[in-house]
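Student: Chain by chain, the residues run as shown.
Number of protein chains: 6
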Amino acid sequence: MPYVKIEVTREGVTREQKQELIAGITNLISTVLDKDPNLTHIVIQEIELDDWGFAGEQVSVLREKGITAQRK
Amino acid sequence: MPYVKIEVTREGVTREQKQELIAGITNLISTVLDKDPNLTHIVIQEIELDDWGFAGEQVSVLREKGITAQRK
Amino acid sequence: MPYVKIEVTREGVTREQKQELIAGITNLISTVLDKDPNLTHIVIQEIELDDWGFAGEQVSVLREKGITAQRK
Amino acid sequence: MPYVKIEVTREGVTREQKQELIAGITNLISTVLDKDPNLTHIVIQEIELDDWGFAGEQVSVLREKGITAQRK
Amino acid sequence: MPYVKIEVTREGVTREQKQELIAGITNLISTVLDKDPNLTHIVIQEIELDDWGFAGEQVSVLREKGITAQRK
Amino acid sequence: MPYVKIEVTREGVTREQKQELIAGITNLISTVLDKDPNLTHIVIQEIELDDWGFAGEQVSVLREKGITAQRK
Numbered sequence: 001m002p003y004v005k006i007e008v009t010r011e012g013v014t015r016e017q018k019q020e021l022i023a024g025i026t027n028l029i030s031t032v033l034d035k036d037p038n039l040t041h042i043v044i045q046e047i048e049l050d051d052w053g054f055a056g057e058q059v060s061v062l063r064e065k066g067i068t069a070q071r072k
Numbered sequence: 001m002p003y004v005k006i007e008v009t010r011e012g013v014t015r016e017q018k019q020e021l022i023a024g025i026t027n028l029i030s031t032v033l034d035k036d037p038n039l040t041h042i043v044i045q046e047i048e049l050d051d052w053g054f055a056g057e058q059v060s061v062l063r064e065k066g067i068t069a070q071r072k
Numbered sequence: 001m002p003y004v005k006i007e008v009t010r011e012g013v014t015r016e017q018k019q020e021l022i023a024g025i026t027n028l029i030s031t032v033l034d035k036d037p038n039l040t041h042i043v044i045q046e047i048e049l050d051d052w053g054f055a056g057e058q059v060s061v062l063r064e065k066g067i068t069a070q071r072k
Numbered sequence: 001m002p003y004v005k006i007e008v009t010r011e012g013v014t015r016e017q018k019q020e021l022i023a024g025i026t027n028l029i030s031t032v033l034d035k036d037p038n039l040t041h042i043v044i045q046e047i048e049l050d051d052w053g054f055a056g057e058q059v060s061v062l063r064e065k066g067i068t069a070q071r072k
Numbered sequence: 001m002p003y004v005k006i007e008v009t010r011e012g013v014t015r016e017q018k019q020e021l022i023a024g025i026t027n028l029i030s031t032v033l034d035k036d037p038n039l040t041h042i043v044i045q046e047i048e049l050d051d052w053g054f055a056g057e058q059v060s061v062l063r064e065k066g067i068t069a070q071r072k
Numbered sequence: 001m002p003y004v005k006i007e008v009t010r011e012g013v014t015r016e017q018k019q020e021l022i023a024g025i026t027n028l029i030s031t032v033l034d035k036d037p038n039l040t041h042i043v044i045q046e047i048e049l050d051d052w053g054f055a056g057e058q059v060s061v062l063r064e065k066g067i068t069a070q071r072k
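Chains as they are written, first to last, in our numbering: chain C, 1 to 72; chain L, 1 to 72; chain V, 1 to 72; chain R, 1 to 72; chain G, 1 to 72; chain A, 1 to 72.
Note that these hints are calculated values from the structure, not bench results. Careful, some of the hints might be misleading.
Said to hold, decoys possible - No farther apart than 20 Å at their CA atoms in a straight line, the calculated lysine to aspartate or glutamate pairs in the DMTMM-like style are these:
1. Lys-5(G) x Asp-50(L)
2. Lys-5(R) x Glu-48(V)
3. Lys-5(G) x Glu-64(C)
4. Lys-65(G) x Asp-36(C)
5. Lys-5(V) x Glu-48(L)
To be verified - Not close to chain V: a few residues of chain G, all C-beta gaps over 10 Å, as computed:
6. Ser-30
7. Asp-34
8. Ala-55
Quick caveat, the model's predicted, so the values are computed rather than measured. For every residue, glycine included, the Cβ atom is placed at its ideal position computed from N, Cα and C.
Build out the structure end to end from the sequences listed, making use of the hints.
Tutor: Here you go:
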């Protein structure tokens, strides 16, 4: 009985990327914890940039300053 | 001091259905746990079908295949 | 695909009360939203009294003052 | 490693108010718990008035009756 | 800025399994969404069997009946 | 109608620190959003170090390596 919630900033996540996350995490949980995928629910919630704060600043402000969340 | 969060796929839940859920759950908690309804908050969150994964698939894909969540 | 989270202060909720909440809410959702109970998951989380704040005070402090959450 | 989620009814919260909440809570956590702000994430989620229930009623109904959440 | 919450029944998940979930999901998000792992937080919450309801029954009751969540 | 959830690693947060967080956040929300404190609920959830992942590693492992979350 796993339930997974993914919160991520709304910055152009595509339908295909969401499907990759859902398939990948369901598969990982099934493999690592031996859980039936029919009992695994995953919810993705995209958050507006004004609504996510990091280090005391809105992400919308960080992005205006050119600070991204991409891998280095 | 109960707080309840209901997450459900966004598939045409009406205002009246939401009111039924809110009234019914508040009443149930009040009856079973003897809690003051003035301390009971309930939040309903509708989730887009692309954002809910079940059994490794997006619900939007399941619905396209004709698989519903209705009672049998 | 409903998922429900119930957060309530840890004040002696019994196994039977939890079962009543789970059965009652699952039944309500099934009736109001026509959802298959096999797709309905409910999670109860009990919160220590020091960890729940209401009106700016810990519930543990409110209880020491004789303020309860019971129905009037 | 703190993560904070703020759920509030959608009633005209401005970008500036969100920034005040994010800065204020990050600062409070940093001061009280001695946490690095670079490890503190805050998410604000606004909830439609039909989707928040209080005392068994939708907040949208309460507002129609003239009942607000403002300080007395 | 992703945050992930995993809720799973408390049934002997080991420290190694948790590490596999954390490493696997962080890697998946980094690959699929191109997110810096230093901005990815994952929280695992184990839920007692009396506190998880499925299909209207406590999981503790389902387990007593021999119904498991294992892959078929 | 605000509800706030604070998740933080379980590393010796005291009852007094929790009270400071509850009072401070309730006051901040009351000031910034003009919300009645009697409608503001705050829940603190401490997470075991094995159960919080950051940058792909359990916090328990990071602490063993001498990496803390303290302000620099």
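Student: Indicate, hint by hint, whether the structure satisfies it.
Tutor: Do the hints match the structure? See the list:
{"no.": "1", "hint": "Lys-5(G) x Asp-50(L)", "verdict": "19 Å, holds"}
{"no.": "2", "hint": "Lys-5(R) x Glu-48(V)", "verdict": "19 Å, holds"}
{"no.": "3", "hint": "Lys-5(G) x Glu-64(C)", "verdict": "28 Å, violated"}
{"no.": "4", "hint": "Lys-65(G) x Asp-36(C)", "verdict": "17 Å, holds"}
{"no.": "5", "hint": "Lys-5(V) x Glu-48(L)", "verdict": "19 Å, holds"}
{"no.": "6", "hint": "Ser-30", "verdict": "26 Å, holds"}
{"no.": "7", "hint": "Asp-34", "verdict": "28 Å, holds"}
{"no.": "8", "hint": "Ala-55", "verdict": "4 Å, violated"}
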